[in-house]
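A.B. asks: We have chain A; now place chain B onto it with these hints.
Each protein sequence line maps, in turn, to chains A and B. Those letters in the first sequence? Residues 323 to 620, per the numbering used here, in order. Those letters in the second sequence? Residues 387 to 473, per the numbering used here, in order.
Because the hints were derived from the structure by calculation, they are not lab data. One should not assume that every hint holds.
Stated by the list, open to error - Below, in silico cross-link-like pairs of lysine-lysine (DSS-like), each with a Cα-Cα straight-line distance of 25 Å or less: (1) A:K439 x B:K397; (2) B:K397 x A:K442; (3) B:K393 x A:K557.
As the list claims (entries may be wrong) - Some chain B residues well away from chain A (every beta-carbon gap over 10 Å; in silico): (4) M387; (5) L390; (6) P406; (7) C408; (8) T412; (9) F417; (10) D425; (11) I451; (12) T463; (13) P467.
Ideal Cβ placement from N, Cα and C applies to all residues, glycine included.
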Amino acid sequence: MQEDIGYAAETETPCVIINVMRGGPSTGQPTLSAQQDVLQAKYGSHGDYELNVLCPSSVQEIFELTLRAFNLAEKYRVPAIVLSDEIVIHTREKLRIPFNIDVRERLKPKTPPETYKPYKALPSGLLDGMPTFGEGYRMLVDGQLHNEEGNRAGSDPIVSGKLVQRLCRKITDHAAELVDVETLYTDDAHTIVVVYGSVARSALSAVKMARQEGLKAGLLKIKILWPFPDQVVRKTIQNARKVIVPEMNVGKIFREVQRVHNNSRQIFSLPKLGGMLHTSGEILEAIKSEHLEELITV
Amino acid sequence: MNPLAEKYLRKSALPTIFCPGCGHGTVLNAFLRAVDDLDIIARLALVRGIGCSSWTPVFINTDVIHSLHGRAIAVATGLKPHRWWAA
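With the rest of the complex left out, here is chain A (with noise of 0.2 Å):
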């Protein structure tokens, strides 16, 4: 699968892969959670390329995530991933589906077939439409890194290289519209929970108990997972003084938190293995905890 997702990103096909994420290595856990492949969904084909990721934590969110995919896919011409996890996938809640439903009809070029070079971009870096076999634009699609009418470059470094940085441009150039995160008291919080995926039920509870408790605890829930939302997640958690990152990982998404703030001696990971989600409670004593390290156990 690792293969077809580089070649969709090389040939900028849009497509929306669903991973439900398992407990693993190999066949691992087959019927228990985990949030294991949040790098592998960024890194897991070769060579260099983005695409975008999504995070759903309850039944709404897959609706309404799946439905975004398909329409970042069709307009960065990109895979997206909807990544969730065993949990979420198995919950049963009440679903509310809008009146008008935003679709993305894939745009078709404005440019007629016999001046039209499939593969050359526009300033936005994004390309002229779509065009369908059999159309008359007579299409060469490949595999191979190519030059603007779609012919093999890849012993010509410069065509090839601007290649490889439009594809990743695109949308690291674009990630300020990626962004899709939620906040919940982070204003005044002095402990930030950071989430994704289904840990973001428990967090929110666990937030919640602390709040009645009196302890300044917010919430920031990443629901696009990729790009990495640097700017948002850096000055939301800028002015806090502890910031938590539970992941059913051993701590993947807590470097990228890491990576964005200026004194990551103030977060931690709070990773839980072995299947089970946190408990809001688990969460609610890290946010109480002087000695956080002292209750990290992988």
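C.D. replies: Showing chain B alone in chain A's frame:
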């Protein structure tokens, strides 16, 4: 240029990359004669895989898609229902 070549080759992809003495140029030649006899270029899409033989379609001016190693038939199978009205 040979009239068949003029009619069917993708000019921007030329020259071919076939090595001296390679038979794939002959295959390409015979293939284009068949396309011309059958008059199917407007309904033709080509799916190519990995390996030198898969270079042949690149030089034909119609819709061409490259696929992953061993996946050409799978891609062609996917393409066919999408263009089911084509022969």
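A.B. asks: Which earlier hints can't be squared with this structure?
C.D. replies: 3 and 11
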